[in-house]
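**Student:** Given the structure of chain A, go ahead and fit chain B onto it with the hints provided.
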Amino acid sequence: MDHIQFKSNQTAAAYVAHELTDQQQEAFELHMMGCSECVNDVEAWRVIKHHMPAPAVMEAQKPFRKLWWGGWGMAASFAAALVVSGVGGYLVSALQRPSLDSSETAIFNMPALTRGADECTTLAIAANARAVLLRVPGVPAERRITVTDSEGRDLASNRYSAREQRDGSWIVRFDAGWLQTDSARLISRTPGGTEEVLGCVTAMVAPPPG
Amino acid sequence: MTYSESLTESASVTPDSGAALLAAAVGAGTELQNEIYVRYRRPLMQVFLQRRIDRDAAEDLLQRTFLQAIKKIRTDGLDDPGNLGGYLYRTACKLATAYWRGELARRVDHDGELLMNLHDNALSLEEALDHDLRARCVRELMGKLPMQRDREVLERFYLKEEARSAIRESMNLTELQFNQVLWRARQRFAEILRKQGFAGSGVEALSMDG
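Sequence order for the protein chains is A and B.
Position one of the first sequence corresponds to residue 3 (the numbering used here), numbered consecutively onward.
Position one of the second sequence corresponds to residue 7 (the numbering used here), numbered consecutively onward.
Hints in this document: simulated from the structure, not taken from any laboratory.
Quantities reported herein were computed from a predicted structural model and do not represent experimental measurements.
Check before you lean on any hint, since a few could be wrong.
What the hints assert, rightly or not - Heads up, simulated DSS-like pairs for lysine-lysine below, C-alpha to C-alpha not over 27 angstroms straight-line:
1. Lys51(A) / Lys201(B)
2. Lys77(B) / Lys51(A)
3. Lys51(A) / Lys78(B)
4. Lys100(B) / Lys78(B)
Unchecked claim - Coverage of chain B stretches by chain A, computed from C-beta distances (three or more under 8 angstroms per stretch; other residues unrestricted):
5. 50–60
6. 130–136
Note that CB positions come from ideal geometry on N, CA and C, so glycine has one too.
Isolated chain A, as found in the complex (with noise of 0.2 angstroms):
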């Protein structure tokens, strides 16, 4: 393939993207060595890729257009409904209890691992906990985390949720009646499929401190 072909294909932006295959990154790769105008295409979707912003982001810089009445009809507006939806809130939660408080929530961070991989660590909860919260700090930005069960099998995804943070540490969120019928190994994996294990945990009832 030429450099036409590269350029009209946009092939800079998939290969930042990992949509090449491996021969068409080879080929690439070993194109830009002589093409410092397809260097320079793929530094700038590495950096739009690295700084993307999150859509809430963007709409948080929206600019304020102050409107032509004013505006002072829209504030009294937003404070009536600010008004009518902190009542209906109320109201509504009063008869809708959260189906999960904070007592039922149980919050660790990620136990180190010291003793190798297949060692579960036992994480204390009360008795009506119903979800297990994991705090994976240090995981490189390019990894995400996935969970398998004992036997190595990826876990279903209504066992756990797993969410990156913006300080670059994971969430993971255990349904905490399975995590103690079975244990859990945490692994951060690349796109390319390299594996490394963060740790294994599992749950039990334990009784209050003191």
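**Tutor:** Okay, now just chain B, sitting in the frame of chain A:
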């Protein structure tokens, strides 16, 4: 040296110029070693970054790549002197693989005599712009995209890392339309970078292609 000057200096390398560089480098002038370094470091850096190697480790691997190359050139020469870029590329790929296999010590004690005189004049875009400015440029890009569709494509492609085929299918885009979105984004980003004073941001080349 400015960023744009550095880009001009590291303009496209033909195999012939690589061979000439190599022939001259056998004479071991540090200026020529430096020229090889300046010409190839940016594409090689992308090769490492593409393999999910963080920038610090990539810098280390970059040094190893050039160190191996210079030693090889001095001792055995290259089988195909016209393919210096290809040789550096293969070396970099092998080192990247060795890095992920854990076969390399975290830090190598470089041959100071060889590397001390290698000066880096060709800054990449990430090196030339600080973090905040890069982030601002990308936010500006997202704000300037004319259609919501364009923003959605970029967010899904780079932020959520969805596959191109899935994005195209759900948004009813042809391959050509998808590439046009990328092309428009790249062109606008080049314009934004040019306003920041980076004439070598690729906008001219894009205009010619378009």
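**Student:** Now look at each hint and say whether the structure bears it out.
**Tutor:** Tested hints:
| no. | hint | verdict |
| --- | --- | --- |
| 1 | Lys51(A) / Lys201(B) | holds, 20 angstroms |
| 2 | Lys77(B) / Lys51(A) | violated, 36 angstroms |
| 3 | Lys51(A) / Lys78(B) | violated, 36 angstroms |
| 4 | Lys100(B) / Lys78(B) | holds, 15 angstroms |
| 5 | 50–60 | holds (count 8) |
| 6 | 130–136 | holds (count 4) |
This entry does not satisfy hints 2, 3, going by the numbered hints stated previously.
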